[in-house]
Structure formats: structure tokens, C-alpha cells
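K.L.:
Let the hints inform the model, and build the full structure from the sequences given.
Residue numbers (our numbering), protein chains in the order written: chain A, 1 to 203; chain B, 1 to 203.
One thing to keep in mind: the hints can contain errors.
Heads up, the list lumps identical chains together, so a pair's fine if it works in one copy or across two of them.
Straight-line distance between alpha carbons at most 25 Å, and here's what the computed DMTMM-like set of lysine to aspartate or glutamate pairs gives [to be verified]:
{"hint": "1", "residue 1": "K184", "residue 2": "E162"}
{"hint": "2", "residue 1": "K184", "residue 2": "E40"}
{"hint": "3", "residue 1": "K93", "residue 2": "E162"}
{"hint": "4", "residue 1": "K184", "residue 2": "D156"}
{"hint": "5", "residue 1": "K93", "residue 2": "E165"}
{"hint": "6", "residue 1": "K93", "residue 2": "D134"}
{"hint": "7", "residue 1": "K93", "residue 2": "D27"}
{"hint": "8", "residue 1": "K93", "residue 2": "E130"}
{"hint": "9", "residue 1": "K184", "residue 2": "E34"}
{"hint": "10", "residue 1": "K184", "residue 2": "D27"}
{"hint": "11", "residue 1": "K93", "residue 2": "D51"}
{"hint": "12", "residue 1": "K184", "residue 2": "D28"}
{"hint": "13", "residue 1": "K184", "residue 2": "D63"}
{"hint": "14", "residue 1": "K93", "residue 2": "E74"}
Just so you know, these hints were derived from the structure itself, not from any lab. In this text, all values refer to a predicted model and were calculated from it rather than measured experimentally.
Protein chains: 2
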Amino acid sequence: MTTVRVLLADDEHLIRGALAALLALEDDLVVVAEAATGPEALAMARAHRPDVAVLDLEMPGADGVSVATSLRAELPGCRTMIVTSHGLPGHLKRALAAGVRAFVPKTVSARQLAGIIRTVHAGNRYVDPELAADAISAGDSPLTARETEVLELAADGAPVAEIAERASLSQGTVRNYLSAAASKLGAENRHAAVRLARQRGWV
Amino acid sequence: MTTVRVLLADDEHLIRGALAALLALEDDLVVVAEAATGPEALAMARAHRPDVAVLDLEMPGADGVSVATSLRAELPGCRTMIVTSHGLPGHLKRALAAGVRAFVPKTVSARQLAGIIRTVHAGNRYVDPELAADAISAGDSPLTARETEVLELAADGAPVAEIAERASLSQGTVRNYLSAAASKLGAENRHAAVRLARQRGWV
DNA sequence: CACTGCTCATGACAAACGTCATGTGATGAG
DNA sequence: CTCATCACATGACGTTTGTCATGAGCAGTG
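P.N.:
This is the structure:
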């Protein structure tokens, strides 16, 4: 029997500790390191070289996906998986693009999670069926790169003038992109467009 | 030694299960029921009459605070406490107003949580020191009831006409309230105002 | 009772915004 | 090479906001 060396990264102590305890019950899994932030997770991974890194999506410092991206470059032998409370389709896509091997919501049980860790360690992938269905039905973002960029800058309610300056575009161009984005998303105005794009994980 | 009968409510199976396991390690705590949604938590509480109800703030169906409110009315002997990932000052205030005895972030350890459960059972209160500091420094919402109501309706980017209709107000009045709210919050426009109010838990 | 603060309204003006027509370059597919 | 698409721009138009002045009714407080 091979034992799987696991890194746990989650900023919620309650979950991390509890998870460590539950995974310890599995004979073939051993938690070799824990981290509460993105940078800490990277440092721990370098120091302990785990087989599988279980990363929370939302962490201070750097989110799970960017940690996964760094790990992929630095420790190719380390498989990564993302655990999250908010299962947005866009996040799933970003994660898979970053080479993450599994994407699971926190609604699974610890036993299931243990199974998924084994699956990942064996070189396979796992995606929560429900999230996968959402992601497929949600489809790809219809927005062009610039439209997305401008929409992001509009996300905190900034006026057009400010967006134009930050994007180094003319105000007219910004309005055009915003208008295009809103109509593509079927929104009445840019603010509603921002909301929709967020919901679908496109921003 | 008295044993404390605990109800656990959290929609994230991973956390709930793990938590149950860790609390089971404490001799004087026994988890008598678990729930994944607000309504389920209420039903379980009625059936099992726990001493302390540990409620997640964000749950499908009904959030932790409204569950606490119902419990207070139905089972006055049952002490309630809220556990949450997002520690917004406004939530803390709402919770305390609803008679919740403790408000803790998920960044505490299971051992600490066990201690807090005992504290609550003994009839005392507990509020995370950092959250308390935030809540005090954040202060009360400067918005009047109507301003808050209108701002909430504006939250999804709806145009003034729609807000006016839904609030049964004239468009001019809506603009006045929105303008007042934005200036009280120091925001450039209503959308930024919505963001700020959300951050501080005032919507 | 006077005063203050909240609610609700109207009207008016300037600024910001949404939309459309139109045009130029660049890039990539056929 | 041609055609479509994207990036970027301008100017113009009408609409939607933000802001301000002003006022009326109604509650609670001193």
C-alpha cells in the first residue's frame, strides 16, 4: 500500500484542523503540511514536497488557482486539487486551465474527499458532476478580451472617466465596450452586466 | 460533570462532519443533531431540543440569524451561536440583536470552539475580539430606513424607474434617497454606495 | 408648543451614460 | 488577396442620473 502525502491549505482553521483529523483516519493518507494562506501554501509545498495539494479557492494572499499555477511550474510531481464553498462555473474553468486535477465543493463528505484524493493521486481527474453540468450549460464567455477588461474595471462602480483613464482608452471607446458587453449579456446597463458576469465567473 | 447537547447546522458537509468528529472528542459535548439548511436546523432543534445550537451564518433556506430568531421564540432554553467565514460588522450586530450568544469566525480552532460552546452553555457571551473591534470602529449605519431600503433595491443595478415602482415611490424621491445615501457613505454614485454598504454589512 | 428629523414630493439643470453611425488599422482565416 | 473580426476612435443624440432648492405632513423630544 502506498501512502499519499497531502498538503492542506485553507484559511479557516476550523476546517483545516477538522479535515486533517478526518483524513488521518484513513490509513493511506498522511497530512504532511498545513497552510492558512496562499504564500504559506507555496512555502510548505517547497519544504515538504507533498504528492497532492488540497487547496481552498479563497485564501488571503493568493487564491487556490494561482497557487496551483505556481506549483505546477515548481513541483510538477505534485498534483493539485481545489476545494471551495462557492462553485462558480468560471472558477472551475480557470482551475482546470491551471492544471488542477480535481474541483470539489465543500458539500462533499470527508470520506468522499479521501476517495477523490486517491483518485487524483492515481493520476485521474475528478470534477463534481453538478458543477460540471453548470459549467457546460453556462458556456463560454461571449465577451472579447477588452470587453472583459473594461467590465472588470467597471466592477466597483467607477465612472466612465476613471475606467477610461485606467484602461488608457477614450471615454467613447469605453462606453462602446460597456454597451457591447451589456447587450451580449442581456443586461440593462453595465452594473447589471457586472453582476451577471460575476455570477457566471466571467470576471 | 454536565454534558452539553449540541445541534450543528452548516451546509458544508465537509465542515459539519469534521466538526462533529472533533467535538465528539470532548467528553462533555455531545452532538445530538446535524442540519444542512435553515429549515432543517429548526426542525432538528424542535425534535432534539439541544442546549446549544451552533449555526452557520450562510445556509440555504434561512440564514443563521433568522434561525436564531425563531429558536429564541420557540425554544427559549436553547442558546444559539453563529459561526461564519465572512465576519462583517453588520452581521455581528444583527446576530446580537437576535439574541445570539456567540459570534465566531471559522478561523478559530476546534478546541477553541469547544471552549466557546461551554462558555455559551454556562450562560455567558462570546464575541471574537477582532470582529468586535471592527464592529465598534465601523459604527452604526448612518442610513435611514428608507435609504437602506432603496439602496437594497438598487443593489442589482436596476434603473431608477424600476426601483421607484418596486418601492412605490416617485422617481424623484428615489433619486433623492439614493443621492443622500451615496453622500453619507462618501461614494461617488449609488453603485459604489451599494458596494460600500455591503462591505460594512449595512444592506 | 416649538423644533428637529424622517418621509415623500416636485421641478430644473448639468453631468454622466447608452446607443448608433461611421471610420481606420491590424490580424487571422479561407 | 479578400473578408470578417477585433481594437480603437470620434461625434452626435436622447435618456438616465446626480444634485439642489423647496415644501408639506408627521413623528418624537425637550
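K.L.:
Would you mind marking each hint as holding or not holding in the structure?
P.N.:
Hints and how they fare:
no., hint, in the structure
1, K184 with E162, "both (23 Å within a copy, 21 Å between copies)"
2, K184 with E40, "neither (40 Å within a copy, 39 Å between copies)"
3, K93 with E162, "neither (30 Å within a copy, 35 Å between copies)"
4, K184 with D156, "both (20 Å within a copy, 18 Å between copies)"
5, K93 with E165, "neither (30 Å within a copy, 39 Å between copies)"
6, K93 with D134, "within (11 Å within a copy, 35 Å between copies)"
7, K93 with D27, "neither (33 Å within a copy, 45 Å between copies)"
8, K93 with E130, "within (14 Å within a copy, 35 Å between copies)"
9, K184 with E34, "neither (43 Å within a copy, 44 Å between copies)"
10, K184 with D27, "neither (52 Å within a copy, 58 Å between copies)"
11, K93 with D51, "within (23 Å within a copy, 44 Å between copies)"
12, K184 with D28, "neither (49 Å within a copy, 58 Å between copies)"
13, K184 with D63, "neither (28 Å within a copy, 34 Å between copies)"
14, K93 with E74, "within (22 Å within a copy, 45 Å between copies)"
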